[in-house]
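Starting from the given sequences, assemble the full structure and let the hints guide the process.
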Amino acid sequence: MPAPVSLSDLLRLSIGTPEVGSVNFGALRALLHGILSHLQIQEVTAELRDEDSDLHDRGAHPQPATFHYMERKVADIEKQVAALSGLPSAAELLERSKTASPGDSPVNDMWQLIVMKKKIEANEDGVSKAMALLQEMLCEINELKKSTKRLEQESQRISGQLSQIDLMELKDKLAGVDKCLKQVDGLGTSLNSLQDRMGRYPSPEELDGFINWDVLQETLVNESNKLHEKLKLSTQQTSETQLRAQSSESEASTKGPAPSNETSAIQQQQLPSPPPRPETWESVGQAEVSVSSPFKPQSPLVPSRPVSSAASSGMERYPETVDALRHIGQLKERHESLEERVKRLEDIAADFAEFDTAAVLQQLAKLKEQLKTINDEKHKDGEFLGRIRRDIQQLQAECERLNTTGKRMMDERDQQEQRLKHIYEAVQKLEEKKADKVHVEMEIDVKADKDALEGKVSRMQFDATTEQLNGMFQDLMSKISGQEQDWQKVVEKISNEMECKLNRIELEPVKRQLEERWNAIRKKLQETTVPYNSDDAAGIRK
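1 is the number of the first residue of the sequence shown in UniProt numbering; add one for each residue after it.
Treat the hints with caution; some may be incorrect.
[As the list claims (entries may be wrong)] Computed list of lysine to aspartate or glutamate pairs in EDC-like fashion (alpha-carbon distance at most 20 Å, straight line):
# : residue 1 : residue 2
1 : 407       : 475
2 : 493       : 417
3 : 343       : 508
4 : 366       : 376
5 : 149       : 381
6 : 489       : 381
7 : 479       : 381
8 : 407       : 417
FYI, nobody ran anything at the bench for these hints, they're computed from the structure.
The following block contains the structure:
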């Protein structure tokens, strides 16, 4: 059942299929029929020119295409290869043994051919194994490259972390933490000393039994004012008594002298008794009121004089009391400053109470451990990089040895290619000297007898050529055996080197070089391959 195909698909099938430049006439015919049916112009007629009519009358003979010729040539080459690769039959061996010279042995030649085929197959197996080993080596090289990349990324990450960590700043922070710890210790000692000093002071219950400073100041100020008033009164009374004494003396001088005892007694009687005073100021009052002589007039006393003298005498008599009063006067200011200091210390203590020293010490220990681990990792990374450098140097030496081995193998391959080239040239010469199949058929048609045919064939040249080919094949077999031994050595060396560690970064150029060299060798082998065309003719021209 025909399948529906679009015109665009038919166009692609007709032109460019199966290869570029070829035309599929069946698809093109179907495309043109589809276009005609779609346009409905099947019945439309066209004029045929004279030159076209001549071609139509003569008829066109189909000529085979180029690829058909190539196909036939390839088939011939396949037949020739099959004939060369196949073993001769018993009839052929008998025929060769009849026509062979005394030194030739067709059976020995067949045996050597079989051995050569086996060796070639073994060489092919060795090459396939070597290629498999090379592929495994490339896989391991890729894995080593990935691991090296991971190691480089890890080293870059570690170096970035080390660069981000500022050791000097960390040391400064550690020094600051140590200073804070020392300050905390000093603050604890100062708090203990302050508590000891505060313990020496009396408790508030005990302070309630003491006199308040305001009360003491008020009593002291009131007492001082009262003393000043009493001193003023005493000075006024003394001045009045002195005036009275002067007036009485003047009267007595007018009446007559009187005994001094009486006058002194009268004066004493007339003087009023001094008011009661405190014990501290008793001597001062007595010193101010006493009169040295009734006859000498005394100037009135200044109110400030007895105070200063009393203060000086009180300071001289009671220095401890004066010092205590001075200390009491300074105690309020000291108490206020002490309260401020206590408040500041309480605030500092509260701040340090909130400041967890254990957590700080734990963080400090963690930082020290991290710093130690970083230093250890840095040391390990240095050792690891040293090992990697040594491995890289070893791999470089191994790569140099591999390069020398590869060069030697390439030289041997070039020599082998030269030998194969000589063999191909000899084969071409042999093909040129072969008799033409058409000529042989013509001779057979003419029924040439065997003697005439032998007269046309040079058996000596044929035998010489056969011996030369035999020698060349023997040389080739010996060289192939030597090459097989070299291949075995190379395979063993590669297997031994594969057991060692390889650096993928260093072996990547070697891999590319080997691949390029191998591709070049394959290309040369393909280019130097010469098709061997065999004909059915059995003779050689003179």
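Comparing the hints with the structure gives:
1. 407 with 475: Since the Cα atoms of residue 407 and residue 475 sit roughly 23 Å apart, the hinted pair is violated (cutoff 20 Å).
2. 493 with 417: violated (24 Å)
3. 343 with 508: violated (77 Å)
4. 366 with 376: holds (15 Å)
5. 149 with 381: holds (15 Å)
6. 489 with 381: With Cα atoms ~39 Å apart, residue 489 and residue 381 exceed 20 Å; violated.
7. 479 with 381: Violated, at about 52 Å.
8. 407 with 417: holds (15 Å)
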